[in-house]
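Chains as they are written, first to last, in the numbering used here: chain A, 1 to 268; chain B, 269 to 597; chain C, 598 to 921.
Treat the hints with caution; some may be incorrect.
Below 30 Å or equal to it, Euclidean Cα-Cα: the simulated DSBU-like pairs (lysine-lysine) are [what the hints assert, rightly or not]:
#, chain 1, residue 1, chain 2, residue 2
1, C, K818, B, K393
2, B, K420, C, K818
3, B, K443, B, K393
On the chain C side, residues computed to face chain A include the following (Cβ under 8 Å) [claimed, not checked]:
#, residue
4, A615
5, L655
6, L718
7, W742
8, L747
9, I748
10, G756
11, N879
12, V880
Covered stretches of chain A (chain C as the covering partner; in silico rule of three or more C-beta atoms under 8 Å from a C-beta of chain C) [what the hints assert, rightly or not]:
#, region
13, 112-120
14, 204-211
15, 244-251
These are calculated hints, taken from the structure and not from any lab test. Using N, Cα and C, we set each Cβ at its ideal position, and we do this for glycine too.
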Amino acid sequence: MVFTIIALIAIFAPWIAPQNPYDLAQLDIMDGRMEPGTVGGAGFTYWLGTDDQGRDMLSGIMYGLRISLTVGAGSALIACLVGASLGMMAAYAGGRTDGLIMRLVDLQLSFPAILAALMILAFLGKGILNVVIALVVVEWAYYARTVRGSALVERRREYIEAAQCLALPTRRIIFRHLLPNCLPPLIVVATMQIARAIALEATLSFLGLGVPITEPSLGLLIANGYEYMLSGKYWISFYPGIALLVTIVSINLVGDQLRDVLNPRLKK
Amino acid sequence: MNDTAPTLEVRELRTHFFTRAGVVKAVDDVSFTVRRGKVLGLVGESGSGKTVTGFSIIGLVDPPGRIAGGQILFQGKDLASLSEAEMRHLRGNRIAMIFQDPMMTLNPVLRIDTQMIETVQAHAKVSREEARQRARDALGQVGIPSPDERLKSYPHQFSGGMRQRVAIAIALLHKPDLIIADEPTTALDVTIQGQILAEAQKLCAETGTALIWITHDLSVVAGLADDIAVMYAGKVVESGPVSQVLDAPLHPYTVGLIGSVPSRNRRGEPLRQIPGMTPSLLNLPEGCAFRSRCPRAEPNCAVPPPMPEYRPGRFARCIHPHLEEAVAA
Amino acid sequence: MTVFLLRRLMQAAVVVLAMSLLVFIGVYAIGDPVEILISPEADQIERERAIAALGLDLPLWQQYLVFLGKALQGDLGRSFVFNEPALQLILQRMPATLELAFGATFAALLIGLPLGLYAGLRPDSSVSKGIMATSILGFSLPTFWVGLMLIMVFAVQLGWLPSTGRGETAELFGLRWSFLTWDGLAHMVMPAINLALFKISLVIRLTRAGVRETMLMDYVKFARAKGLSPARVTFVHVFKNILIPVVTVVGLEFGGTIAFSVVTESIFAWPGMGKLIIDSINVLDRPVIVAYLMIIVLMFITINLVVDLTYSLLDPRVRLESKA
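Go ahead and model the full structure; you've got the sequences and the hints to work with.
As structure tokens, then:
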């Protein structure tokens with residue numbers, strides 16, 4: 001429910017935001033660092049205050065949400081595709097392929113995500129695309145492990161054996177029989193991973209290694225406010241943080257509900 | 269101590285579990301008496317309320333269960349009226365308990381000496397050395413070789429039989445007046461079972477400890493107990509001296525139990541069984557709980573049966589007891 | 598025990614080797630090694646001399662062996678910025694990071710264990726439910742933002758605690774530590790709590806689950822049947838059993854803590870290796886990055902080994918299995 005509102009805000013940000021924070025014509029530098037609730041020179045109220053450039057924070061957050069969600073969901077989707085394919089391959093091929101892929105997964109999971117992402121960005125440089133690549137590299141292993149786990153269980157079931165006896169093509173067995181049965185856990189993991197990806201992106205951007213200044217996500221907005229916070233101008237960091245928190249919590253809640261709905265054992 | 273009072277007298281004990289699904293009357297009207305140096309066999313199928321009776325006596329019924337009625341008189345004192353601190357003083361000291369599964373009763377991460385010394389020091393103000401000495405003596409008493417070395421071991425280094433001996437040694441540390449043994453030999457090999465039974469018997473005779481031996485195995489009780497109380501669905505359905513109950517059972521359930529012991533049947537003859545299953549204790553219907561499985565059941569059985577004393581110390585809760593056989597015996 | 602240790606060391610060596618290969622590919626294959634290893638200010642002649650000196654004209658597998666050989670001698674290159682050996686630079690900053698990470702681990706246990714114990718012993722009380730709800734928040738909250746808010750409330754608004762830096766230090770074993778002075782300790786409180794946030798939640802949940810599971814065990818009931826005091830039952834019989842999973846997880850998390858100190862150190866300007874690596878990434882001081890990575894990998898392997906050994910000390914059953 002909350003998540004739906006957040007998603008709608010992110011999608012329609014350009015139409016509902018009071019101001020386009022990246023259109024310099026709309027900015028008034030005189031309005032810089034105004035407290036929440038002040039009426040600015042542009043003629044409307046800055047409910048959440050303004051930043052150093054005189055940008056309306058509310059609009060900034062709406063636009064930031066857009067970038068955060070895009071990066072988070074995009075990277076989760078790609079990681080899901082990569083991870084699920086590799087996991088399926090490991091489960092179906094078994095033997096050496098399985099061993100190799102799972103060794104890679106173990107290696108990836110034993111290394112903290114934040115460090116791995118930092119290193120990749122250190123070698124690749126900043127930029128939205130690079131952040132997405134880093135997030136994909138960090139996260140694919142979770143999907144691979146999930147899919148392999150449930151695929152291994154499903155593979156032993158009679159209906160797969162039956163399909164194999166009918167000499168159905170491998171591709172058909174995987175996509176028509178194996179994959180649909182691995183989907184429920186995969187969807188739950190994917191939801192949780194979107195939240196993780198958003199948090200990680202925010203952290204990376206906060207450290208100055210994520211998205212570029214021209215496309216600020218919530219994390220970058222928070223980082224912007226850091227220097228002003230020491231002089232008591234809390235709102236520049238505070239409100240984007242709240243937005244980030246609500247986003248992450250609501251996605252996690254959706255994941256929790258999905259887990260309950262998709263788990264057939266809990267339905268009874 | 270009052271010598272004339274029995275060690276333990278349980279009167280109309282009721283222990284109920286107040287669960288969300290309803291009240292489970294795990295123990296519902298249980299009475300029996302155990303005297304000094306005597307052994308009471310508490311017999312019944314799983315789920316008949318034997319174990320809960322044991323826990324009720326020692327005061328370890330966990331929520332949502334609680335004692336809902338009756339009296340537990342230990343040397344004349346009602347245990348239900350004692351505070352938790354007074355109860356704790358009795359536990360492990362005057363009343364000890366031995367559990368069913370020896371693999372689970374000893375804490376896996378604590379050494380044997382720790383687990384024994386803490387028991388000694390919980391009830392006696394003695395030095396660690398003195399406590400260790402007592403622990404060693406207790407281990408020797410239950411037949412554990414080289415107790416000094418064994419004290420430094422962890423539970424997983426012992427076999428099941430050895431662990432049960434350790435548990436028994438812990439129960440003996442303070443020479444209790446009453447030991448409640450909850451199926452202590454069920455999980456053990458038959459040979460070890462025999463050894464432990466013999467030791468238990470010797471112990472009671474020597475120290476005057478009263479013993480409640482909870483079991484589902486009639487053959488164990490036959491050789492060990494002085495008295496017997498048969499439980500069914502939370503109630504004692506028959507009680508009396510062991511020879512009388514086993515040779516001339518009054519209650520049809522007891523008759524069925526005895527009939528299903530293999531050694532009592534002739535070879536080649538099919539084992540007699542009690543048809544059906546133990547009823548759910550949740551929302552038990554009024555009247556005799558055994559009537560759905562009883563060959564002698566009739567409409568009258570739906571009325572709660574009384575428990576008259578047929579001979580001194582000989583009770584049965586049935587309106588159609590096997591009196592003819594009893595007379596014949 | 599020796600066999601167990603040897604086998605573990607062998608495994609560790611394999612992982613180090615694998616990671617060095619990954620780092621090597623990261624530095625030499627993805628990026629341009631010339632750009633990474635030679636200062637951008639160098640002119641063409643210096644550049645070519647350096648390429649020859651570094652053996653960059655050799656085939657890749659030979660380069661890897663050279664890299665490995667140097668790494669084994671502790672030579673991981675020189676920092677462009679500080680013009681010091683990268684390894685030395687990182688080792689100088691390591692005590693500050695370790696101090697912070699230990700502080701956070703300590704804080705997590707100090708706060709998490711009692712709360713988890715309480716929530717486990719009284720699962721239905723409203724306080725317990727509050728504790729559990731807060732712990733869920735601890736998993737969801739973006740740590741860096743909480744750090745900012747801590748600074749805002751306790752340093753800016755209330756002025757109770759200093760916002761940044763390490764404060765006064767005192768010397769012990771030839772290294773400077775903050776926790777030995779009051780001022781240093783005051784500086785440490787907020788970063789340590791901030792870094793501990795996730796772990797506190799983790800410890801609470803693990804402890805609670807452990808307590809609830811252990812309380813149902815026969816040996817706990819037997820301990821009560823022995824007439825032990827509730828305190829002894831809880832703190833000896835229950836507590837020692839739940840300590841095993843908690844210590845394992847917290848220990849394994851220690852590597853994650855050091856990794857995440859990158860963020861905390863940046864917020865609180867804590868002069869540890871995390872802040873160094875962020876600064877190095879921002880100025881592209883790549884030898885330092887490589888050195889940091891190798892050291893982190895080594896640290897991780899050491900942590901895993903130490904956790905395994907501690908585990909066997911706490912659980913006598915594991916000790917026996919490893920002997921067999």
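Checklist entry - So which of those numbered hints doesn't the model satisfy? => result 5, 6, 8, 10, 12
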